[in-house]
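Enquirer: My request is simple: use the sequences and hints to build the entire structure.
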Amino acid sequence: KQEVTQIPAALSVPEGENLVLNCSFTDSAIYNLQWFRQDPGKGLTSLLLIQSSQREQTSGRLNASLDKSSGRSTLYIAASQPGDSATYLCAVSSGSARQLTFGSGTQLTVLP
Amino acid sequence: NAGVTQTPKFRILKIGQSMTLQCTQDMNHNYMYWYRQDPGMGLKLIYYSVGAGITDKGEVPNGYNVSRSTTEDFPLRLELAAPSQTSVYFCATVPQGLAGVSSYNEQFFGPGTRLTVL
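Protein chains in written order, with this note's numbering: chain A, 1 to 112; chain B, 1001 to 1118.
It is worth saying that the hints were derived from the structure and are not from the lab. If you're wondering where the values come from, they're calculated on a predicted model, not measured in any experiment. Some hints could be false.
Unchecked claim - Within a straight-line C-alpha distance of at most 30 Å, the following computed DSS-like cross-link-like pairs (lysine-lysine) qualify:
| no. | chain 1 | residue 1 | chain 2 | residue 2 |
| --- | --- | --- | --- | --- |
| 1 | B | K1057 | B | K1014 |
| 2 | A | K68 | B | K1057 |
| 3 | A | K42 | B | K1009 |
| 4 | B | K1014 | A | K68 |
| 5 | B | K1014 | B | K1044 |
| 6 | A | K42 | A | K1 |
| 7 | B | K1044 | A | K68 |
| 8 | B | K1044 | B | K1057 |
| 9 | A | K68 | A | K1 |
| 10 | B | K1009 | B | K1057 |
| 11 | B | K1044 | B | K1009 |
| 12 | A | K42 | B | K1014 |
| 13 | A | K68 | B | K1009 |
| 14 | B | K1057 | A | K1 |
| 15 | A | K1 | B | K1044 |
Claimed, not checked - Sample of chain A residues at the chain B side, in silico, Cβ under 8 Å:
| no. | residue |
| --- | --- |
| 16 | R98 |
| 17 | Q99 |
| 18 | S104 |
Said to hold, decoys possible - What follows is a set of in silico ranges between Cβ atoms, one per label pair, in the way DEER data are often shown:
| no. | chain 1 | residue 1 | chain 2 | residue 2 | range |
| --- | --- | --- | --- | --- | --- |
| 19 | B | N1065 | A | A10 | 30 to 38 Å |
| 20 | A | R55 | B | N1065 | 40 to 48 Å |
| 21 | A | G41 | B | D1056 | 27 to 35 Å |
| 22 | B | T1070 | A | Y76 | 23 to 31 Å |
| 23 | A | K42 | B | E1059 | 20 to 28 Å |
| 24 | A | K42 | B | E1072 | 20 to 28 Å |
| 25 | A | E15 | B | D1056 | 41 to 49 Å |
| 26 | B | S1084 | A | G16 | 41 to 49 Å |
| 27 | A | G16 | B | G1051 | 46 to 54 Å |
| 28 | A | D27 | B | G1051 | 21 to 29 Å |
| 29 | B | T1070 | A | V20 | 41 to 49 Å |
| 30 | A | G41 | B | S1018 | 23 to 31 Å |
| 31 | B | S1067 | A | P40 | 43 to 51 Å |
In this text, a Cβ means the ideal position worked out from N, Cα and C, and glycines have one as well.
Expert: Structure follows, in structure tokens:
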């Protein structure tokens, strides 16, 4: 059974800092890994998708890496801003129906 | 395209009542999923469907039923609501090309239905 863990559960940083969120998964037989952002009481916003054959993806100030063999991914956020405050969810696609298995998320607070 | 739509947005049920959460997509995606998200947690898979007439259980199917009579619609039925079913419910889809679902294809999520059972 695929399990996904995200560390830390919560993180508070001052504005302008670079930060790293961690995600680990137990079964390396994945199709892809997605990072999502979720604002309080809202739905999911897809940030980045890394295919199983890729090592990293970048979008603006976000960079996600994937080490499938070790079952790890990181989301790097450069020059953090208060608007980045949200919960960040990591999910891996695996299984016959490509269903997503989610971590519990990292709640990020960027202080002005 | 409207993408993935879910109705209702909010609902309060009494214990023992039943209801259907609606999910509709206009992208002609074959694969559809229902997830639930409890407070402070990630999402867990309830049921999924790989095409019209085909459904299967996910990680937490107890207390729910689904049907898939068309490609567009994937309703989730709660027969006897219980407080443990208080959650936010998300519907999602994945496109499928001629070669099947590729590793590039991301899941598209609906806005969610917030359900409270009292």
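Enquirer: Indicate, hint by hint, whether the structure satisfies it.
Expert: Tested hints:
Taken as a hint, the K1057/B and K1014/B pair is honoured in the structure, with Cα atoms around 25 Å apart against an allowance of 30 Å. Of the pairs offered as hints, the one joining K68/A and K1057/B holds, with about 27 Å between alpha carbons and a cut-off of 30 Å not exceeded. In summary, the hint linking K42/A to K1009/B is supported, as the alpha carbons are separated by about 11 Å, within the 30 Å threshold. Distance check on the hinted pair: K1014/B and K68/A sit about 45 Å apart at the alpha-carbon level, beyond 30 Å; violated.
The straight-line distance between the Cα atoms of K1014/B and K1044/B is roughly 23 Å, inside the 30 Å bound, and the hint therefore holds. This hinted pair checks out: K42/A and K1/A have alpha carbons roughly 28 Å apart, not beyond 30 Å. Between K1044/B and K68/A the CA atoms are separated by roughly 22 Å; this keeps the pair inside 30 Å, and the hint holds. Proposed proximity of K1044/B and K1057/B is supported: the alpha carbons are some 12 Å apart, at most 30 Å.
Between K68/A and K1/A the CA atoms are separated by roughly 16 Å; this keeps the pair inside 30 Å, and the hint holds. Distance check on the hinted pair: K1009/B and K1057/B sit about 24 Å apart at the alpha-carbon level, within 30 Å; holds. Between K1044/B and K1009/B the alpha-carbon distance is near 19 Å, which keeps this suggested pair within the 30 Å criterion. Using a Cα cut-off of 30 Å, the hinted pair K42/A and K1014/B holds, with the two alpha carbons roughly 24 Å apart.
About 37 Å separates the Cα atoms of K68/A and K1009/B, which puts this hinted pair outside 30 Å; it is violated. Restraint check: the Cα-Cα separation between K1057/B and K1/A comes to about 14 Å, which is no more than 30 Å; the hinted pair holds. Only pairs whose Cα atoms come within 30 Å are accepted, and K1/A paired with K1044/B is accepted, the gap being roughly 13 Å. The beta carbon of R98/A comes within 5 Å of a beta carbon in chain B, closer than 8 Å, and the hint placing it at the interface holds.
Interface restraint check for Q99/A: the shortest CB-CB distance to chain B comes to about 5 Å, inside 8 Å, so the restraint holds. Hint status for S104/A: holds, given a least beta-carbon distance of 5 Å to chain B, under 8 Å. Distance hint check for N1065/B and A10/A: the Cβ-Cβ separation is about 36 Å, which falls inside the suggested range of 30 to 38 Å. With their beta carbons about 42 Å apart, R55/A and N1065/B fall inside the hinted range of 40 to 48 Å.
Evaluation of the 27 to 35 Å hint for G41/A and D1056/B yields a pass: the beta carbon distance comes to about 30 Å. For T1070/B and Y76/A, the Cβ-Cβ distance of about 42 Å falls outside the hinted range of 23 to 31 Å, so the restraint is violated. For the pair K42/A and E1059/B, the beta carbons lie near 23 Å from each other, so the given range of 20 to 28 Å is met. Distance hint check: the CB atoms of K42/A and E1072/B are about 25 Å apart, consistent with the given range 20 to 28 Å.
At about 46 Å, the beta-carbon gap between E15/A and D1056/B stays in the expected band of 41 to 49 Å. Judged by the Cβ atoms, the range 41 to 49 Å given for S1084/B and G16/A holds: they are separated by roughly 43 Å. Between G16/A and G1051/B the beta carbon distance is about 49 Å. The supplied range of 46 to 54 Å therefore holds. Restraint check, D27/A to G1051/B: a C-beta distance of roughly 25 Å satisfies the suggested window 21 to 29 Å.
Taking the beta carbon of each, T1070/B and V20/A are about 44 Å apart, inside 41 to 49 Å as hinted. With their beta carbons about 26 Å apart, G41/A and S1018/B fall inside the hinted range of 23 to 31 Å. For the pair S1067/B and P40/A, the supplied restraint of 43 to 51 Å is violated, since their beta-carbon distance comes to about 33 Å.
In this structure, the earlier hints numbered 4, 13, 22 and 31 are contradicted, and the remaining ones agree with it.
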